[in-house]
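Colleague: 46 is the number that our numbering gives the last residue of the sequence shown; the numbers go up by one with no jumps.
Just so you know, these hints were derived from the structure itself, not from any lab.
Just so you know, even glycine gets a beta-carbon here, dropped at the ideal spot from N, CA and C.
Each hint should be verified, as a subset may be incorrect.
Claimed, not checked - Using C-beta positions, here's what the derived DEER-type ranges look like: (1) M22 x K43: 27 to 35 Å; (2) N44 x Q15: 38 to 46 Å; (3) A25 x A45: 36 to 44 Å; (4) N44 x K16: 40 to 48 Å; (5) L41 x M21: 41 to 49 Å; (6) K16 x K36: 25 to 33 Å; (7) A45 x K16: 42 to 50 Å; (8) N44 x I24: 26 to 34 Å; (9) Q15 x A45: 40 to 48 Å; (10) K43 x Q15: 36 to 44 Å; (11) S17 x F39: 40 to 48 Å.
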Amino acid sequence: MRSCGCNKPHIPSCQKSMEEMMEIAAFFYTKAVASKRGFWLRKNAK
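Could you put together the complete structure from these sequences and hints?
Modeller: Right under this line is the structure:
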């Protein structure tokens, strides 16, 4: 994971940006998993 670049871990702005990055990563991860699952379902349906 990319660090926010500040050496003080508890600055609110850094914490907020880290949380936003985690949310975006989780969004893309769930999207990828869902698409992969749909791919396998379509493949097995044949």
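Colleague: When you take the CB atoms of Q15 and A45, is the distance between them in 40 to 48 Å?
Modeller: With a Cβ separation near 45 Å, Q15 and A45 satisfy 40 to 48 Å, so the hint holds.
Colleague: Take a look at whether the Cβ-Cβ distance between N44 and Q15 falls inside 38 to 46 Å.
Modeller: Once the Cβ atoms are compared, 43 Å apart, the range 38 to 46 Å for Q15 and N44 holds.
Colleague: In this structure, is the beta-carbon distance linking N44 and I24 contained in 26 to 34 Å?
Modeller: 31 Å, holds
Colleague: Look at the Cβ atoms of M22 and K43 and judge whether their distance stays inside 27 to 35 Å.
Modeller: 31 Å, holds
Colleague: Between L41 and M21, does the C-beta distance stay in 41 to 49 Å?
Modeller: 30 Å, violated
Colleague: Assuming the hint says 36 to 44 Å, is it satisfied by the Cβ distance from K43 to Q15 or not?
Modeller: This hint holds: roughly 42 Å between Cβ atoms.
Colleague: Could you tell me whether the CB distance from N44 to K16 stays inside 40 to 48 Å?
Modeller: 42 Å, holds
Colleague: At the C-beta level, are A45 and K16 separated by a distance inside 42 to 50 Å?
Modeller: Holds, since A45 and K16 (Cβ atoms, about 43 Å apart) stay within the stated range.
Colleague: Between A25 and A45, does the C-beta distance stay in 36 to 44 Å?
Modeller: With a Cβ separation near 30 Å, A25 and A45 fall outside 36 to 44 Å, so the hint is violated.
Colleague: That 25 to 33 Å hint for K16 and K36 (C-beta), does it hold up?
Modeller: Since K16 and K36 have Cβ atoms about 30 Å apart, the given range 25 to 33 Å holds.
Colleague: CB of S17 to CB of F39, is that within 40 to 48 Å?
Modeller: Violated: the Cβ-Cβ distance is about 33 Å, outside 40 to 48 Å.
Of the numbered hints listed earlier, those contradicted by the structure are 3, 5 and 11.
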